[in-house]
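With chain A's structure known, arrange chains B, C, D, E and F on it following the hints.
Protein chains: 6
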Amino acid sequence: MSVVITDPPRVSRETAEAFTPYGVATVHEAQGRTGLLAAYMRPIYPGAKIAGSAVTVSIPPADNWMLHVAVEQCQAGDVLVVAPTSPCDTGYFGELLACSLAARGVLGLVIEAGCRDVAALTEMRFPVWSKAVSAQGTVKETLGSVNVPIVCAGQLVHPGDLVIADDDGIVVVPRAAAGDVLRKSEARERKEAQTRARLQAGELGLDIYGMRKKLAEKGLAYRRTIAES
Amino acid sequence: MSVVITDPPRVSRETAEAFTPYGVATVHEAQGRTGLLAAYMRPIYPGAKIAGSAVTVSIPPADNWMLHVAVEQCQAGDVLVVAPTSPCDTGYFGELLACSLAARGVLGLVIEAGCRDVAALTEMRFPVWSKAVSAQGTVKETLGSVNVPIVCAGQLVHPGDLVIADDDGIVVVPRAAAGDVLRKSEARERKEAQTRARLQAGELGLDIYGMRKKLAEKGLAYRRTIAES
Amino acid sequence: MSVVITDPPRVSRETAEAFTPYGVATVHEAQGRTGLLAAYMRPIYPGAKIAGSAVTVSIPPADNWMLHVAVEQCQAGDVLVVAPTSPCDTGYFGELLACSLAARGVLGLVIEAGCRDVAALTEMRFPVWSKAVSAQGTVKETLGSVNVPIVCAGQLVHPGDLVIADDDGIVVVPRAAAGDVLRKSEARERKEAQTRARLQAGELGLDIYGMRKKLAEKGLAYRRTIAES
Amino acid sequence: MSVVITDPPRVSRETAEAFTPYGVATVHEAQGRTGLLAAYMRPIYPGAKIAGSAVTVSIPPADNWMLHVAVEQCQAGDVLVVAPTSPCDTGYFGELLACSLAARGVLGLVIEAGCRDVAALTEMRFPVWSKAVSAQGTVKETLGSVNVPIVCAGQLVHPGDLVIADDDGIVVVPRAAAGDVLRKSEARERKEAQTRARLQAGELGLDIYGMRKKLAEKGLAYRRTIAES
Amino acid sequence: MSVVITDPPRVSRETAEAFTPYGVATVHEAQGRTGLLAAYMRPIYPGAKIAGSAVTVSIPPADNWMLHVAVEQCQAGDVLVVAPTSPCDTGYFGELLACSLAARGVLGLVIEAGCRDVAALTEMRFPVWSKAVSAQGTVKETLGSVNVPIVCAGQLVHPGDLVIADDDGIVVVPRAAAGDVLRKSEARERKEAQTRARLQAGELGLDIYGMRKKLAEKGLAYRRTIAES
Amino acid sequence: MSVVITDPPRVSRETAEAFTPYGVATVHEAQGRTGLLAAYMRPIYPGAKIAGSAVTVSIPPADNWMLHVAVEQCQAGDVLVVAPTSPCDTGYFGELLACSLAARGVLGLVIEAGCRDVAALTEMRFPVWSKAVSAQGTVKETLGSVNVPIVCAGQLVHPGDLVIADDDGIVVVPRAAAGDVLRKSEARERKEAQTRARLQAGELGLDIYGMRKKLAEKGLAYRRTIAES
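Chains as they are written, first to last, in my numbering: chain A, 1 to 229; chain B, 1 to 229; chain C, 1 to 229; chain D, 1 to 229; chain E, 1 to 229; chain F, 1 to 229.
It cannot be assumed that every hint is accurate.
Same chains, same label: a pair holds when it works inside one copy or across any pair of copies.
To be verified - Below are the DSSO-like pairs computed for lysine-lysine, each with C-alpha atoms no more than 30 Å apart in a straight line:
#1 Lys49 x Lys218
#2 Lys191 x Lys49
#3 Lys213 x Lys191
#4 Lys140 x Lys214
#5 Lys214 x Lys49
None of these hints come from the bench; they were simulated from the model.
The shape of chain A in the complex, shown without the other chains:
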């Protein structure tokens, strides 16, 4: 059955924007190494960084009709998250849809399929994380659904979940966990800043993290010369 949920709960813009200082790797660690989308999802240009509330789309292969339906459901601060019902690299998304999303204040797109017009998207700074770049066109024949739970690049995404994306990839944070993960991200970043300073000063992780004893217990041997193989 095809359905559009028009009024899903969202992570608040304040919460989403509070994640601005924290990268995908930090947030992923802060929530216990969960929520990372597959590494084949790549940004179309370097340097983009977004954090917003997911509008999800389940979409047929090579058919982008539902993207037009989804645009209407988007608000400022949202991130569109799209997964096809079977694997597909077709170019579902290009400049015109980006103009429409940008006009509504949408932050960017995450799509487990192809996108096109990357030169134009780069120029207008509308960031996309996709599985492929492909100019191949789509049809508009078959329905899908908007704002239903989807699996995108190996992760379950509910509408209204927090989605953060940067050069390292994309992480999804369940809406209810966003506040907690924010605090843990802050704590992690604070701690990393201290560690960073010590490492830059030449201290070793072996000492900072107190690893030497455990390594010795596990049996790590140090030798001056290479043993005969």
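Just chains B, C, D, E and F, lined up with the frame of chain A:
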């Protein structure tokens, strides 16, 4: 049999240059969604855009001898299009061949294999679309053919066909269809410009394209809350 | 058995630095087309170029403990070269480890696995060649070895071997061969400079390399028109 | 947090066994083309067919400790479904674990990673659907969870969901939907049997499905000769 | 434009059947190492072997409507050859379509996409060479064309070309060349039979093919001990 | 430089044959989880099992000349191990070479490239582990080397090393370690036989291996109901 066709028909430079304003996605759509090379063909640097007449090369795996033969067949405004007779990622092409092609006014290279010296090629702005970047060298032992029909990255390319490449990929337009596709690209671009303005102003594709009625007929349902799964 | 070799021989910094003018493709050719790592190893940003002495790490899948051990074994001018014992794309390496390596004068990282924090690594210009970009975290549970021979991306690398990496990929030069390969790289580059000038002036490779006679002997035919297929 | 749920609801054995006559393709169609795991999941030998209640395992990369924990949670008629927290092809599962599962009446294994001892597993007819065959060993260092919701090969699987696997792949049916999908599978199979007989007798799908009129409306043209290209 | 060519020329059944003794590798060699489809095309069960006249289908991604149209165009001795207009692994083809094709005497299917019901297809011995096995269903919304030239798995196939498939893969022979390739296949097979007998008797290829002199001229060295590396 | 080493040391036939009862997974574990070739190396038919002394071949891409040279270096009980100098799926090896090797008592072939004539090879029971099945032919133009150390599918193989292959893949055992690994394989197999009997009788690995305490210490929690997510 190995053969070099020395005088194939070409798409005219005027026609090719008239495609300058139109991207690969636009042209691909304008000719009925045909002619797109596979999405694994990627530019070695962002921002390049070319449109020219194909000089085709069928070449053995890991043997670039015929590229030297092909150079002599190239004229200003040509695009070299190369496909190996079996899959191969070896670095067939580098700075020296690029110097030679650039000296003849060749616009760029499309190769379903590897290229190397990408830093130098980027600096001299000689664009290449390839399946791989690889420094692996080739031999010069076995013949191939120049200016015969080839299948490159899934598309049939005849010598003299129009080849257009940009950040989205590569599209081939049969020589005889170039004029017609040019007119359709112009028409498409004109229409898209109007649509772009309306979308930027906040109108919805649902309304501009008149989709609401057809969506309803197909049975799309709108609901405020997420149904129990 | 897990072991750390603390004092392996190294290629000298003078020798390594003397390779600065020569690209990976040139060095690979100069040593008889050997030593090239697989083409799936890609730089995280364009334009980096390094040449240094390998500190090797054999590391369990999804476990980066030994990277902390390896840092202590690194000196200025070294390149860290890491291979997992079974295929893995996890993000073993990020900004903090890079700070630590940079503080010791390490030139860069080659890892047949994932790295993360690529925005930060790009900003601090710490170059990494990796198989994947992934924010996925690792554990610290299982030992590996440092400065033992490893196979990385299809090539055997001994500690102290010369590793050169640029936009084309990575080549390893056995330590004992470095001087010889340097001389051959110089000779090759000198010869290429002459060829480059002639090609830029419009001479053909067919003539410079004297290929026409051998092509004719092999049976290459030139024709004006395309034969019936 | 690592947790083992010891008493999840299960689809009943009667319901599961009632699916025996229906293939994965039929069930997938019957539930609206949902629930199919990715096509890279392949059986280790042809001809196996199972339908049972999922015991799910979320497991670290290259670490099979939790499989031993999971065995204890399995009952007769269950199917073990395993997904690593990051992509991994390591050989998590072999003959010994299969003996243990078989002793408990477990029907088979679905694992988005590697399995080994395939000759022995084939001989004992313990079916496995996996992403890879690999003899690479795993460690036992890090916890995971048993009977929590997981994403396996692109599909969300809850403990107790119905899992059906055959030569075509694997489909998951939500526990609550199993009865409904069973009825629809029966209906579909009944209808297909009639269609099969008509097709075997030489009737055309074009006529049986009444497609000719719609094809004509869409503009399909029939011609005797091939048009000039 | 979508079109069905109803009366293309065909390679004769006599000619096609005369290829029965010759494998794909032999025929591919006999026609100068051309015409081989990509190696990712694999048979769904071992031991099948077919040779017949191609009925070609160009088909949209994830939409198998045109297969029903194509069935009507098939005659006894034909091979259905299908390529999607953009890459797709969906399960276009299963038991029902196979029943329909078998009823018309079609020999098998070559499809650069997915097929399903492989257990049933294996039982009824209807051979399929496909890019994937997938139970994922398709829609019936968009037209394609039948008996137009297509590129399938990297090879140009015209309707009526001879298609031969076995455990090694698939080779296409242009219709006009079939007689000539048949004679060359016979000659090649005759020669191979003689060589086979000599090799089985222990003679060396080095001597049978007279390779020793050429190897020595190229500089091949024989040594008793392994040189220092 | 191209060289053929005519008299490399070999692992003895007695030692090799003593490995017959032990599978690749067992041997791989017995030597500390090292030596396994990449999982993309697959047998052309199920059920084959070999253990013999490696004759290694380093070979150019798409050129099988050196295989003919290598045949002469093979003795009864050897396994031919072949790696191309750059990645290649071409069909280097088929029935004729297999006849020649079989006539000399060679046990099988391991090749990180393509093989062909798989129906004939299956019928004559000459086992091959390869990266691809491809009928694509090769040339005979460029030299390589026989019985030099090579990297094949990610593992270093010296001539005379022990190579064991079965349905799980391929493992290489350094010649000098073969006796030690044999003893460890025997011990491992003996222990596994005991464990197997206990598992078949319904004992749990958790108890046999004494895992419960360590799992509890790591913090594994057992719960009856699924926690709210």
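Tested hints:
1. Taking identical chains as interchangeable, the C-alpha atoms of Lys49 and Lys218 are never at most 30 Å apart, the minima being 41 Å within one chain and 36 Å between chains.
2. Taking the closest pair of Cα atoms, Lys191 and Lys49 come within 30 Å of each other only inside a single copy of the chain (22 Å); across copies the shortest separation is 32 Å, beyond that limit.
3. Taking the shortest alpha-carbon separations for Lys213 and Lys191, only the intra-copy value of 22 Å comes in at or below 30 Å, while the best inter-copy value is 33 Å.
4. Proximity of Lys140 to Lys214 under the C-alpha cut-off of 30 Å is restricted to the inter-copy arrangement: shortest distance 10 Å between copies versus 60 Å within a copy.
5. In this homomeric assembly, Lys214 and Lys49 never come within 30 Å of each other (Cα to Cα): the closest approach is 38 Å inside a single copy and 37 Å across copies.
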